[in-house]
Structures are given as C-alpha cells and as structure tokens.
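Chains A and B supply the protein sequences, listed in that same order.
Take 1 as the starting number for the first sequence in the numbering used here and just add one per residue.
Take 10001 as the starting number for the second sequence in the numbering used here and just add one per residue.
Hints are computed from structural coordinates only; laboratory data are not their basis.
Among the hints, erroneous ones may be present.
[Said to hold, decoys possible] Simulated restraints, written as ranges between beta carbons of each label pair:
#1 ASN260(A) / PRO10083(B): 26 to 32 Å
#2 ASN10155(B) / GLY299(A): 56 to 62 Å
#3 GLY10516(B) / GLY299(A): 57 to 63 Å
#4 LEU237(A) / LEU10089(B): 45 to 51 Å
#5 LYS250(A) / GLY10929(B): 33 to 39 Å
Heads up, the beta-carbon is just placed ideally off N, CA and C, and yes, glycines get one too.
Okay, here's what each chain looks like letter by letter:
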Amino acid sequence: MYSCKPIRKILALIVIILSLSLSKTSFAAVAVPDVAATDAAGVEKVKAGMALYKANCTACHAIDRKVVGPALAGVWDRWESEAKLVAWVQNSSKLIASGDAYANKVFNENNKSVMTAFPQLSAEQVMDILLYIKNPGVAEPAKTAAATDGATATGTGDTKGTSNWYIWALITFLAVLALLLWSVTSKLDKAVREKAGETVEDVTLDKKIFNKKTFKVLMLIGSILLVFNIFNGAIDLGRSQGYAPDQPIKFSHALHVGQNQIECQYCHTGVEKSKHASIPGTQICMNCHKYVQQGPKYGKEEIAKIYNYAGWDPDKAKFVEAPKNIEWVKIHNLPDHVYFNHSQHVKVGGIKCQTCHGKVEEYEVMKQFAPLSMGWCINCHRQTEVKFAENKYYSVFQKYQEELKKGTKAKVTVEDIGGTECQKCHY
Amino acid sequence: MSNKKYWTSLDELNETPQYKEQAAKEFNFEINENDTEENGGTNRRDFLKAMGFSVSVAALASACKIPTHKAIPYTIDLRKAVPEVTPGLAVYFASTFYDGSEFANILVKTREGRPIKIEGNTESPFTLGGTSAKAQASVLSLYDVSRLPNPTIKNKKSDWKTVDAEIISKLDTIAKSGGKIALVTGTVASTITKNAIEKFVAKYPTTTVVSYDAISSYATRKANQISLGSPVIPTINYDKAEVIVGFNADFLGTGISSLENTRKYASNRVPTKDKPKMSRHHQFQSTMTLAGSNADYRYPIKPSEEKQALINLLATVGGSGTSKPLSGKDANDGIAKVAKELLANKGKSVVVSGTNDVDIQLLVNAINGTLGNYGEIINTAATYNLKSGNDEALATLANDLKAGAYKGIILLGANPVYNTPFADIFKNAIQKAELSVSTADRADESAQYCQYITPDSHYLESWDIISPVTGFYGFVQPTIVNLFDTRQSASSLMTWAGDTTPIGKFVQNEITALTGANYEAAVQLGFYGTPALTGGSGANVAASVAAVKADGVATKGFEVVFYEKIGVGDGGYANNPFLQELPDPISKVTWDNYVCVPFSFAKEKGIESQPADKKVPTANVTINGKTIKDLPVVVQFGQAAGTLAIALGYGREKAGRAGDMVGKNMYAYTKSVNGVTSYTVDGATIELTGNTYELALNQTYHTLMEDNNLPMREKKYRGSIVKETTLEEYKKNEHAGNEDREKIKEEFSNSLYDGYKPHDYKQGHHWGMTVDLNACVGCGACVVACSVENNVPVVGKRQVYRSQEMHWLRIDRYYNGNPDNPDVAFQPMMCQHCNNAPCENVCPVNATNHSSEGLNQMAYNRCIGTRYCANNCPYKVRRFNWLDYQGADSFGKFNDGKRSFTDSESQDYMFEDLTRMVLNPDVVTRSRGVIEKCSFCVQRIQEGKLTAKKEGRPLKDGEVKTACQAACTTGAITFGDQNNKESAVAKTFDTDGRNYFVLEEQHFLSAVGYQVKIRNKDEEPARFFINKPGV
C-alpha cells in the first residue's frame, strides 16, 4: 500500500524550494521576474520593453558589456529600490544632486558623464525595459524566425541550384543507364537470335543513335540553345543583380538600419537634394562612433578601421590627422549614358528606398537588389502614378488635370507625362 | 521678301562646279581619301582580319569580369572649417574674368569642388550677365597640362623656399650696388598687384616699372592727355548714341572692354513694333572686322587714308582743316553722308577709331568735341583702367636693355620675346641679366630664357580685386585650391618685397577696407561700386587740332593691317583649344592666321576657285624687306583695295600643345612710330607661290539650301533662310522682309510626309527658342559656351579641314551685295527641333525621335552610325563622331600615335585626366560612331523642372536658360515654353511680325524662330544679282 508520506515529503520539498526561491527574490533590490515564452501577457510586456530599449538605450548601453554607459544585465541587483532606479532613469542629475550614495558612485565610476534624462518614461515603462533586459530571448523568437526565414530563403535559392544540379545528374545517370541496359538487352537479344540460327544485321548502338537525321536535329537544338545562351549572356553583360562584394569595412545595414533604426537619410544626406544619395564620409560615421566604440559582432576591429580612416585617436578622443578615403566597392553601377537622380524619385516621387534597394534593413552585407536594367526602369515608369494632385508643378498638364477631375482618367503614370522618352534619362 | 543673293564663299558666288557638287553633299570629303587598295588601304583580307579580331576581342571581353568600380565618399576634414558640399549639386562662386583688355563679372559653376563652367553674373551693373568666348573658354585653361607644376631654376624643378631666397639675395645685391631692375608687366588693373608693385619698388628703389599691352591703345591715352588733360580712355555709351561712326575700330570684337560695349551697342540695335528705332552705324575700315560686319554702311579705306578721312570729316562737321578727296568714291560720299547725320545728331553721336595713332585719336577727339558728344555719350567721368600700357616706356626700355642698363629683369606675366617688336633685344637682355625672373604660368617664349620661373596661379585659383573703370571693382576669389605648386604673381612680388601676409588675408582686408563691410558678403556679390554713367568734361578741340602733325604720308605698295582675332586674342589664349577651334566670325577660319586679300586682288590674280576643297593658294608676303613664306591666302570681301590683313596672336612657339606652331607670329613686323606701336605697315609686296595650303575653314560646307523647285519659289537665293529689311520699311510694315510668311503658311499647310501628323503638344511643355538676327553680332560666345556645357569635343586642325568639326551650334555668316563691299548677316544655327523632323523618319533604329516636350531627342547608345539623319537634315546641324575624341570608347584609347592638334588625324587633349576635370558630369561623352547635335541643353531643362517639382510650383518662364542663351551678352537668344502663352518665346512666335522660321515652306515646323534682320539704311540697297561675276 502506498502511504501518503512520500507525497507529503515531496510537497514539503516543493514548499521549501518555493519559499527559498521566493525568499531569494525578496532579497533582490528590484524585483524583475522571469518570463516564460508561453506567458503571452509577459511576452507582450517584454516586446514593449524591447522597443523602448532600442529606441532610447542602445545609443549608450548594451546588455552584456560596457559601451558608454555600464552593462545593463544585473542592474536590478545593483539598485536598492525600484523607485530609485526609476528616478535615476527619469533624471539622474536630480538623484545625484539629492546625495544618493549609489547614484554618485555610478556617476563617478562612469567618468562623471551624465546619463540623458528620460522624463517621458513612466515607472511601468522602465520596468518593461528591465523585463526585456532580463528576458531578451523571449522577444527574440520572431526575429530569430525571420532570420531563419531569410536564411532559408537564401538557402532555398542555393538548394534550388543544387537540386537542379542533382536532377540533371540523375537524369544523365538514368539516361546512361537506360542506354547501357538497352545495349545489353539488344546484345543479349542478338545472341539469343543468333543461337536460334537467325542471321542478325550488326547494328551497333552508335550507328543507331548517331545517324544523319539525329545529328541534324541535335545540331539544330544545339545551335538554338547556343544562340539563346549568347543572347541572354549578352543581355546580362554588365548587369550584376545580387552583387554583394566584400567591402573594406564590414558595415552592416542590418545593425544600423534594422536594429538601431537609423533613418537612411541620416547617412545618405543627398538623397532628397541631389542626383547622388551619396555614401557618407567618415565625418558622418564619427557622429556616433566617437561614442560607440565596439560593435556587437566584430567588437572593436571594424570600428577601429573607421578611426583609422577618419584620423581619430580614440585614446586622445580627437582627430589627429587628415581623413583618408574609404574605397568602398561600388555596387550600383549605372552605365555612363544613364542619368539617374535620387531626389527626383525620393523627394518628388515619394518612392521608398526599399523599392529599388530591397530590404536594406536586413542586409548584413549590402547587395544589389534590383537588376538596374532599362526594362526594370521602364516597367516602373509605366506603373507608377505621378503625385498629380499634391504637386503644383503638374498644373502644366491641363488636359490630364481636367480628365482626372471628370473622372475619365483614373491615374496619370510617369509614362503619361513622357517618363519613358529617351531624353528623360539619356543625355 | 528679300530678293538678295546671299553667298558664303567665293566659290558659291561664282557658282563653280566644285561648289555645286559640294553643296549637294552631306560631308565635304571623301570618306576614304587615302584608303584605297593601291595605297595599302583596306582590302578583303584586311576586312576578314579585322572581323576576326573583333570577334575574338568581343569573346574575350565578354569572358572578362566586370571591372570593379570604387565609390569614394566625399570626406570632410573635421579639423578645418570646410563648407558643406552635396555631391551632385553645383555650387556657384562669384568671381571676375579679366585679361588686360576684357573684363566680365562671372559666376563659376563648380561641381564636387572643380570649376566646370563660367556663367555671367546677372547682378553686375557693368556687364549685366554677359560673357565672351574667352571668358567661357578660360575654365579649360585652368586644367592646361602645359602649365608649369612648380617653380624652376634654369628650367629645372625647384621649390619656393630656394627660389625666393635666391631671388631676394640677388635683388638685394643688385639694389645695394645701385643696379637697375626692370619690372615688366601687362596692363595692371588689379589693385592688389598695384599694391604689391608699390611695395616692391619701395624695397628695391632702383626698379623701373614698365607696363605694355601686346595690342596697345596707348595713342588714345596720349591724345587724351592733350584733349582732356589726362591720359585716360573714356567709356562710351554706345546704347545712347544715335549715330556711331567707327574708323577701323573693332569695338564689338576685340577692342577695349568689348563685352561691355557689345552689350551697350546691341541694346539700341533692336527695333520693336512699339519703338521702331535703332542707332545707325557707319564704319570706315580697311579689313572686315566684327564691328564693321554689323555696320549699316561700310566704306573701305586704306589705313593711310584714315587720317585724311578724319580731317575731311572734321572740316565737314564745322571744324578746321582742309579736305582732300580720298581715293574711293564710296568713302568720299560716305564722309559727306556721315557728316550730315552727325550734325543732325549733335551730342547724340560718337566717332571712334581703333587705330593706335596719336594724330588720328586727336582728330577723333576734335570731331567729338565739335559735335558736343562728351558727357552724355563719351563719358569721361568713368575711364578705363584696362589697356593702360605705355608704348613709349616699352620702346625706351628696349633701348636701355640694348645698352645693358638693367641688371635685373622681372617679367610679371609679360612675354616680350613673343609679343613685342623687340624680341631679340629682350632675349639677349634676359640671357645677360644678373637676375631674370618670369611669373608666367608656363615656360613661354620669354620665360624659357629666365633663370627663375615662379609660375602664377590661374585666376580661378587666386584672390584679387580688379578695377576695370573708375569707381567699379570686381572681386576674384579662388574656386579650387592650387592644382599645381604655383603662387599668385602678386604674392610673389610681396614675398620678395618682404611682406609675407598670405595673399588671401591681404585681399580680404583690402575688400573689407574698400567696401566697409564684411568681405564675405562683398565677395559673394562679386563686385563693388557703380561706374558713373555719364559726365565729365569735354575735349579741348583747338588744342587737339593744333597737336595734329602736318600730313606728309606717302605710301607705296600694299598696306598691311595687323589685327586681333576674337578667339586667341593677342596670343595669350593660344593654348586654349576651344578658342583655336572657334571659327573667326568673318573669315570662318580656325587654327590659323593667313593673309586676307581684297576681292579685287582675287579677280586680278585669277583666284577663282578656292575654298570648297579648302586648298587655298599661298603667298609670300614681304614686309620691310623680311619675307613671310607660304602664308595661306583668304579672299576677304569688303577689304579695301591695296591692303592686306594678317592676324596677330599666332605663331606661338612655347604656348603648349594646342598653341605651338599654329600660324605665323606677326609681332615682329609691327613697329614703333614716334614711340607708339603701329599696327599698320606700308610698302609690302605679295607674291603667289603656286602652292596650296589645307586651311581649316568652316562655312563652305554645311550649306543651307532651299528647294528652288518648289512652285512658289523661283530663284530666291536663300530668301527663306536669311530675311532682312530696312528700318524705313519696317516702320511702314512690321512684316517687312517677312511678307511671304502668310503665303507660306497658307500654301504649305500640308506636311511633306503624308499622314505624318505633328505631335500634340497641347499640354505640358513645348520648348522653343527665338534668335534675334538684329541683336546677334556674331561674337561666338555662344559657340564656346555650348561646347563647354555639352562636352562638345575639340577635333583639331586636320579634322576641321576635313569638315568634321563637332560644334553643335555654329554661326553662319552670309554676304550679300557688292563683293567689294558686301553686307554681312550672322545666323546662329543649331538643331531646330522640328516637329516634322526629316531626320527622325530615316533612322533605322529609332535612335532619334521626338519627345512630348517637342525635343528632337538623340539616344547616343542606340545610334549605329548610319548617318542617314545627318544626310536628311536640311539645316545640316548633325555631327558625326568619326573618331574617339574624348576617350569614351569602351576599349580605351584607340587614337594612339602622334596627337598634335595641328597635323595628326586626331588629338587626345580630353584623354588627360586633368583636362577631363572640365567635363560636365551631367552630360555623357559620346563615343566613336554616333551622331550628336544640339539638345536644347536638355540637362538644364530637366534640372529646372526638377527644381520646380521639388518646390511644388509651376516652372517659371526664363527659369531654364540654355548655355548659349546664358552666354549671350546681347540677349539675342531666348528660350522658353511655347505652351506658356505668357512666355517671351510664345509672345514672339504669336505676335512679332519679324518672326519667321528658316525653310518654313518645307513645313518642318521648326521650334527655333528667327527675327528678321533690320538694317538702318535709307533705302533698299542696290540689288546685286549675278550668276557669274565675270568681273
């Protein structure tokens, strides 16, 4: 018979463990719970925290290492109360001024650099951020999934190539096998017949296959394939969709645009003003990298390259020599006879960068997304609607304006106003 | 409707068979002139070889990897205060162009920090936004690879520290020993250079400063010393004068401040319906000048007769003096007519002479004084600082140098071994001197003998203040850092004088002191002050007349006139290929000087068939016992009988690759008469050699012809190409000279091409252009501006000879009337952007087609080079790239070999990385084998539209200016939207009775309207119909 003793013992153990664990929690200065991936409400809060963290904290903090400010992991253990931590985040100077011992300690430990005040963050939001810092993995699945998706997507591309190769190999193998079998059977057949006393004409395999007729057909097919290939190859000459060369600095758009949410225009300053979006010089890199001295993937190695190009001495924290040119490998190469103007497309046309450059925010290595072929340009010009109503310049097209008003014309495309004519792009 | 016969060349006038054959042809040469099998040219085997090669190269090329391009960011050194530059956007800097005689307030267009184009500064009260051919081309001189990259000692590379130390030590030695130092300069209109010279003289008091001009106006200053009491050159208000009488004065082309004067002149030469009045211009001249070609009446006189003509005129207008009849009847009649008109316009007329002769200038002053033209028209309140050279000082210096009086010679930008009559004296003196320094930017004819060359910076790299007239200043600011290790000459002088203030700081302080404001604002505007418009005292007539020497001139033989051409000027621009290739407005010759002979001489010598094949006869011309051998002979209509004319500024030996050995140097034949350099010589003989010379001549091809077989047109001799009338007829009828237009519209309402509907331009833009033939003086600034803006290549002398020049815009020059003294008409001719364009229909690959904005588009990369379009273009404005002129071919440099500008098949100046910096990055360079032509500056249209779109507003009229329009100082060219009924172009098209379209009866529906040329003549001149001038 079973007694209830063991059950009691187990229960007791659970209670002890629970109480121990609880008591451990109660000893911690700021209570930040763990969140399980299955806890929907908790995950929501973690996600909210992640968003806030990325928007407000990443410029100076990382979770697991010191950047400008200290590493944030374990911050809940370092502060004595939630109220003080929140007060620090909302306005650290005030807390320091109040003479709080730990606040002054942190301030002094970090070269007396004042942490930006975030009065807009509520106590609850600060706690959400802490929740994320403690449980970063919980908010990640979506991202990991996306990354995996990406990997699979590129993977499939590769696999597709590979599987095609396998299929062709398989077909060839089967064809050879079929031929061999056929040859064997025909030889056996011949042997059997000869045994039976029949005289059999000696038709070899090669003669059967490579007679004049098949030769002609093969030649024809071969020539067609050759011409087709040459034609396609000629069209593709000078085109380089998917081109993703190694760059002198392993700059990641995924990190800067995707993770850190930096606007494209912050670096590509010309995009609304000029024909060139322009690749930023080190003077723009250094706006942030004076402070951000370590990257998440390559540590200090790649950022040190920027310092070298910029002539910046991180120890002395000043520019010590003239900047050197970073020789980026140019990815988007339009032929010389094409005039392209970024400001026309971005400022006037309101085209998103991603339309032509793809999901740059996900590119670890920059690549050419669009084919940049004339057909690709023209297609877009045929389909894209001109911002006719918003821009007074287009008042010069009176006929279209009337037709739009009357409703006889649904939309005016770039092509309608001459956007596919030679000298819009070639001069 | 004009019934005049217009001709462009002697061949056409005589209608030689050669001419007829050539006029019908598209290209004026045999394509394979040497390329026959006998000459070792192409045969079947070569063809197969070439084909095999092409196939293998193509295969190889396709197997190659695509080349890796680099993207270099625009990096800013954050340690310095550097202005923000947005790559792809142009930045304009106000600056000043100045070359001793010409002055222009300009804007320098820079892209990514490099100057690529000069535009006029429209804010300027002095030049009002006009530019000249020289100013337009000057940006190319910045990138001249012939410039010295560093200071030199005895033509060996050195550095500034060494050079300065050595020069200062030698100067000190010379000055301490009391040795004399000669500082030879050109005209100094720069207050900075003046200041530097003063400092230098203060430090080295034994210095003598001598300024001279290669082509001098010293006599004017000397005469004004007597007439006005000071050696000044007054400004002249050509815009206010009702009657202008020029005596050998080329005030439109090459005279003092010609840009400013051209603008003033043209402003009173365009009558309108509401204000049908214009000035009348008489010109007495020996050879045809630009000013002369624009005159209403011309009277050929010999140079030796000019003084007597002026004496006669003075006597006729009521002054003292005795008249003596001149040799030509025309001239005698002219004096009487001119005198009558001058008397009727007292105080509203002007007589000018360009002759560097004190007596002549005194007589001119006396006439103007008698007529009361001072004050209102001749403005002595604002006088020129330009052309302030002193011929007497130069002659004295030459004498002293001969005697070895100078121990030190410093040439401040002067090149006396080339451009004075004292070449040998200077050469010897420089070689013997203890110290010889030149600040030339290259080792030129004089600098090569100097111990030290301290190369000057280009003006686009310099700081300066230039004062062209009293009370007006133009500021020069650097638009790029020094390309080479050079230093501004003023800075060099200051250094040697012991003042080491950086020149930039010094000029900034001077500007602040001058304007009393922040120098940055002043420099941004580019100028300071307003020149006085009228005023000053009149001339002392009695003193002027009294000072005229008694006439005792007896001349013999041919009289030779040395003149200046609008392109290379006095020779300072000889190494600028844009200017070398700019056709002379009158003779239409490029890359050469030559001897101009009068038509009567041609008749006498039987020079009948010349320019169609461009092989002109040559002659030996003997002047003062020295013979110039094998000068090409050009028949110049309108040149006075018994005269010859040869241009100065050619025959440079040390100018650089483009300018060396082009033509002959004539400075040696000028001479100093009574201390004044004379540019006319008598007693010359000319002898035809029987040889021929291949002259790079334009205008005898690309001939516009009308279809004389059309029913309404009998033989009208270009009556529908150039239209002209007289002011009297225009006053009666605003359609004068253009009467046939209504009829043309009626009769030729159908297209040449059945079923070919003109495009529908009811909405959007429809670009159009107007060209006012009255405002156009033919100066050629537009031609150079077009070339610079659109990367139009320079092709070199040989290719121009083969009629393969690439100019998108040319100025056709037509003569009509008496060949001994014809009328001249200029007609800028560019793609007419026809709505029924004959070129478009014949292109087999649709490389040229029409845009919805009315542009005749040219897609270079679609063009396969059939040249059908060029063949079918009635205006002959399409140009074919026979060679790779700009290194645009995919396979790189095809034109290897010898690449001199003058005699090789092609040249490679645009292959140099440095020179390529001048290219406009918004316009593609065309490769070999494609057609190109005027695009109406489509890149500017697109830019203007984009700016309007970005600002969300309609495009304004006048916002988009073509390069030719922006460059034109007289406003002859207007560009705009025909659909905008308020635009200047639409208004001219719709309401101006003078407007017509060239070859309109063919119904090409061109988009360029021309306005009938109006001459201010009393009566329609005698019509001159000749089929064969058997004379």
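The hints, checked one at a time:
| no. | hint | result |
| --- | --- | --- |
| 1 | ASN260(A) / PRO10083(B): 26 to 32 Å | holds, 30 Å |
| 2 | ASN10155(B) / GLY299(A): 56 to 62 Å | holds, 57 Å |
| 3 | GLY10516(B) / GLY299(A): 57 to 63 Å | holds, 59 Å |
| 4 | LEU237(A) / LEU10089(B): 45 to 51 Å | violated, 33 Å |
| 5 | LYS250(A) / GLY10929(B): 33 to 39 Å | violated, 44 Å |
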